[in-house]
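According to the UniProt record's numbering, the stretch in the sequence shown is residues 1 to 264, in order.
Derived by calculation from the structure, the hints in this document are not laboratory data.
Please read all numbers here as calculations on a predicted model, not as lab measurements.
Here are the simulated lysine-lysine pairs, DSS-like style, with alpha carbons at most 27 angstroms apart:
1. 164 <-> 192
2. 218 <-> 180
3. 114 <-> 72
4. 230 <-> 179
5. 240 <-> 181
6. 253 <-> 218
7. 123 <-> 72
8. 180 <-> 246
9. 92 <-> 234
10. 97 <-> 179
11. 72 <-> 115
12. 218 <-> 181
13. 115 <-> 92
14. 181 <-> 253
15. 114 <-> 92
16. 180 <-> 223
17. 251 <-> 180
18. 234 <-> 164
19. 218 <-> 179
20. 230 <-> 253
21. 179 <-> 192
22. 179 <-> 253
DEER-style ranges, computed between Cβ atoms:
23. 219 <-> 61: 42 to 48 angstroms
24. 243 <-> 96: 16 to 22 angstroms
25. 111 <-> 257: 46 to 52 angstroms
26. 165 <-> 75: 28 to 34 angstroms
27. 258 <-> 161: 36 to 42 angstroms
28. 214 <-> 124: 29 to 35 angstroms
29. 164 <-> 121: 15 to 21 angstroms
30. 252 <-> 59: 32 to 38 angstroms
31. 220 <-> 257: 17 to 23 angstroms
32. 260 <-> 100: 37 to 43 angstroms
33. 195 <-> 72: 36 to 42 angstroms
34. 77 <-> 100: 27 to 33 angstroms
35. 260 <-> 142: 33 to 39 angstroms
36. 61 <-> 100: 20 to 26 angstroms
Virtual Cβ for every residue (Gly too), placed ideally from N, Cα, C.
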Amino acid sequence: MFRTVICRIAASAAGVQICAAGVALTDKELAKKPEWYRKDVLALEDSLKKLGRHGFNTSPSAVNNAYETLKKYAHISNVEVHWRMARALLEKSYFTKCPTERAHLVHEAKDCAKKALSFETDKPSAGAHKWYAIALSNLEEIDSKADHSAEILKHLEHAANIDKEDAYTVFLLGVAHYKKKNYSEALTHFQKAETMRKHFSSSNLYYMGMAYHASGNKEEAIKHFIDSYKVRPKNEHELKSRALAKTMLMKLKVNREDYEVEEY
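Take these sequences, add in the hints, and give me the full structure.
Next up, the structure:
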């Protein structure tokens with residue numbers, strides 16, 4: 001799928017006119033192309049794949065490289081390129097320590113994701129809806145007075161309906177309901193995400209624990225906080241969730257022996 005899109009974009013960027021249907025190239029056919037063409041196609045293909053995965057990226061350099069590659073094609077009206085640019089901008093914002101820079105990146109990401117949605121065809125894009133919702137959620141973190149909850153839910157629901165294998169989107173739907181204090185609905189989504197992919201994220205387990213805690217089910221809350229703490233974090237978001245899970249376990253006076261694993 002990527003190769004067809006990429007060849008059209010790379011050729012367009014070079015000023016070569018290619019029909020709107022695009023050109024599908026095999027690896028053998030690509031090898032016959034000029035070196036500059038091969039480099040552009042492969043670099044963009046790599047960027048699209050890195051920014052197309054469901055989970056969050058953990059390497060600042062990978063995100064920066066992907067963004068710099070995609071930025072070359074910002075003039076192309078392509079939904080797949082623009083939502084990945086929005087994602088790259090948001091992930092860049094997670095790595096910066098400067099509040100002003102983070103705010104700028106998040107606003108730019110929101111505009112980029114909104115532009116991506118404007119390029120949607122009759123084939124909807126789960127990534128565009130998902131990352132537009134994430135951008136709006138990040139704007140709420142920057143501005144405590146902002147309330148984009150209705151729009152966030154709408155776009156996450158669209159994304160979940162389009163890509164039924166993305167447990168992260170279902171988790172984010174749960175978080176959106178949790179923030180609205182719809183704990184029963186939140187739990188339904190956290191449980192569904194866990195069914196889709198068991199222990200895929202310490203964040204899902206932490207929020208499940210929080211939803212149980214808010215619902216008055218202390219036993220289930222403790223169980224999921226322990227699970228969250230024991231799952232190996234894969235990024236900064238999950239590292240934070242793990243730390244918060246430990247804080248809740250201490251607050252609930254759970255014995256350390258019940259969740260701490262001594263190193264051999």
